[in-house]
Amino acid sequence: MIGHRGRSARAVDRRGVLAGAAGTALAIALRPAAAATALPRTETTESAIRRFAGDNPIRPGRVTLDLPPLVENGNTVPLSVSVESAMTPEDHVRRIGVFNEKNPQPNVITIHLRPGAGHAQVATRIRLADTQRITAIAEMSDGTYWSASADAIVTLAACLEG
Amino acid sequence: MARTLINVPKTAKPGDTITIKTLISHPMETGFRPGTDGRILPRSIVTEFICRFEDEEIFRAELFPASAANPYLTFTWVATRSGRFSFTWRGDGGFDQTESATITVA
Numbered sequence: 001m002i003g004h005r006g007r008s009a010r011a012v013d014r015r016g017v018l019a020g021a022a023g024t025a026l027a028i029a030l031r032p033a034a035a036a037t038a039l040p041r042t043e044t045t046e047s048a049i050r051r052f053a054g055d056n057p058i059r060p061g062r063v064t065l066d067l068p069p070l071v072e073n074g075n076t077v078p079l080s081v082s083v084e085s086a087m088t089p090e091d092h093v094r095r096i097g098v099f100n101e102k103n104p105q106p107n108v109i110t111i112h113l114r115p116g117a118g119h120a121q122v123a124t125r126i127r128l129a130d131t132q133r134i135t136a137i138a139e140m141s142d143g144t145y146w147s148a149s150a151d152a153i154v155t156l157a158a159c160l161e162g
Numbered sequence: 163m164a165r166t167l168i169n170v171p172k173t174a175k176p177g178d179t180i181t182i183k184t185l186i187s188h189p190m191e192t193g194f195r196p197g198t199d200g201r202i203l204p205r206s207i208v209t210e211f212i213c214r215f216e217d218e219e220i221f222r223a224e225l226f227p228a229s230a231a232n233p234y235l236t237f238t239w240v241a242t243r244s245g246r247f248s249f250t251w252r253g254d255g256g257f258d259q260t261e262s263a264t265i266t267v268a
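So the protein lines, in turn, are chains X and F. Letter 151 of the first sequence, counting from 1, is numbered 151 in this note's numbering, and no numbers are missing. In this note's numbering, each number is its position in the second sequence, counted from 1, plus 162.
Treat the hints as calculated values from the structure; they're not laboratory data. A couple of the hints might just be wrong.
Claimed, not checked - Here are some, though not all, of the chain F residues that point toward chain X, as calculated from beta-carbon distances under 7 Å:
(1) 173
(2) 194
(3) 203
(4) 222
(5) 224
(6) 226
(7) 227
(8) 230
(9) 234
(10) 236
(11) 239
(12) 240
(13) 256
Beta carbons are placed, not taken as given, at the ideal position from N, Cα and C, and that holds for glycine.
Put together the whole structure using the sequences plus the hints.
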């Protein structure tokens with residue numbers, strides 16, 4: 001502790017406390033900047049989503065995205081996506097794309113489904129490099145796109161540590 | 163050969179929705195991570211997973227470095243007849259592995 005240098009705990013004076021507080025504030029201020037420079041992105045999330053959905057409108061709804069809101073270890077994060085659909089030949093989910101905001105690459109996973117699957121429901125485990133929002137987009141057989149998003153706070157980031 | 167875990171019910175009634183769970187041991191090296199010498203380790207990931215039932219593709223996933231190590235996937239399928247599921251993983255460095263599982267529907 002900076003504030004305790006050369007003093008007993010009882011003799012902590014005003015200056016010491018302030019120095020300690022300033023040190024903590026500096027550490028907090030530096031952390032997001034360091035994380036941002038460590039991860040140059042290959043492509044923006046928007047362009048990855050446009051590659052997936054083209055210029056079609058993406059509406060919120062029909063998709064459920066489950067992700068723990070507080071992630072202790074970003075190296076393995078359970079993720080499950082389900083889409084309301086009967087999965088019949090006439091009405092089914094063709095693809096589900098999952099996208100991140102702050103990993104080095106915006107794609108997380110792309111799933112191709114067939115009618116006869118019973119449910120449009122998939123679970124996997126992913127990596128999160130930082131606290132961020134995850135978006136899942138479903139392409140239906142009628143050509144409409146639906147989406148859902150979920151936020152995750154990450155305490156130990158993937159990718160950075162060995 | 164990488165180790166795999168595949169969970170398909172051995173039997174089902176016609177029309178049952180079954181859950182298929184698969185896992186393969188693979189480091190999924192992202193290509194963004196420095197090694198012990200400070201240089202970036204080359205990417206080595208599984209890029210594609212395909213599940214077929216009797217040669218008909220029923221499920222496919224494109225994987226990216228954002229998949230966790232030992233990629234795990236669960237999905238569903240409606241059992242209509244007995245047959246064989248095959249599971250293929252392909253990836254960097256010519257990675258290609260296929261496993262199978264059978265189901266009896268009656």
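Each hint, compared with the structure:
About 17 Å separates the beta-carbon of residue 173(F) from the nearest beta-carbon of chain X, more than 7 Å, and the hint is not met. Here the hint on residue 194(F) is kept, as its CB sits about 5 Å from the closest CB of chain X, short of 7 Å. Taking 7 Å as the C-beta cut-off, the interface hint given for residue 203(F) is violated, the closest approach to chain X being about 9 Å. Satisfaction of the interface hint for residue 222(F) is found here, the shortest Cβ-Cβ separation to chain X being roughly 4 Å, below the 7 Å cut-off.
Because the beta carbon of residue 224(F) sits about 4 Å from the nearest beta carbon in chain X, less than 7 Å, this interface hint is met. With a least beta-carbon distance of about 4 Å to chain X, the hint placing residue 226(F) at the interface is held under the 7 Å criterion. Taking 7 Å as the C-beta cut-off, the interface hint given for residue 227(F) holds, the closest approach to chain X being about 6 Å. Interface restraint check for residue 230(F): the shortest CB-CB distance to chain X comes to about 4 Å, inside 7 Å, so the restraint holds.
The interface hint given for residue 234(F) is met, as the beta carbon of that residue sits about 5 Å from the closest beta carbon of chain X, less than 7 Å. Using the Cβ-Cβ criterion of 7 Å, the hint placing residue 236(F) at the interface with chain X is satisfied: the shortest such distance is roughly 4 Å. This hint holds: residue 239(F) has a C-beta 6 Å from the nearest C-beta of chain X, less than the 7 Å allowed. The restraint placing residue 240(F) at the interface with chain X holds, with a minimum CB-CB distance near 4 Å, inside the 7 Å limit.
Interface hint status for residue 256(F): violated, as the beta-carbon distance to the closest one in chain X is roughly 22 Å, over 7 Å.
Hints 1, 3, 13, counting from the list given before, are not met by this structure.
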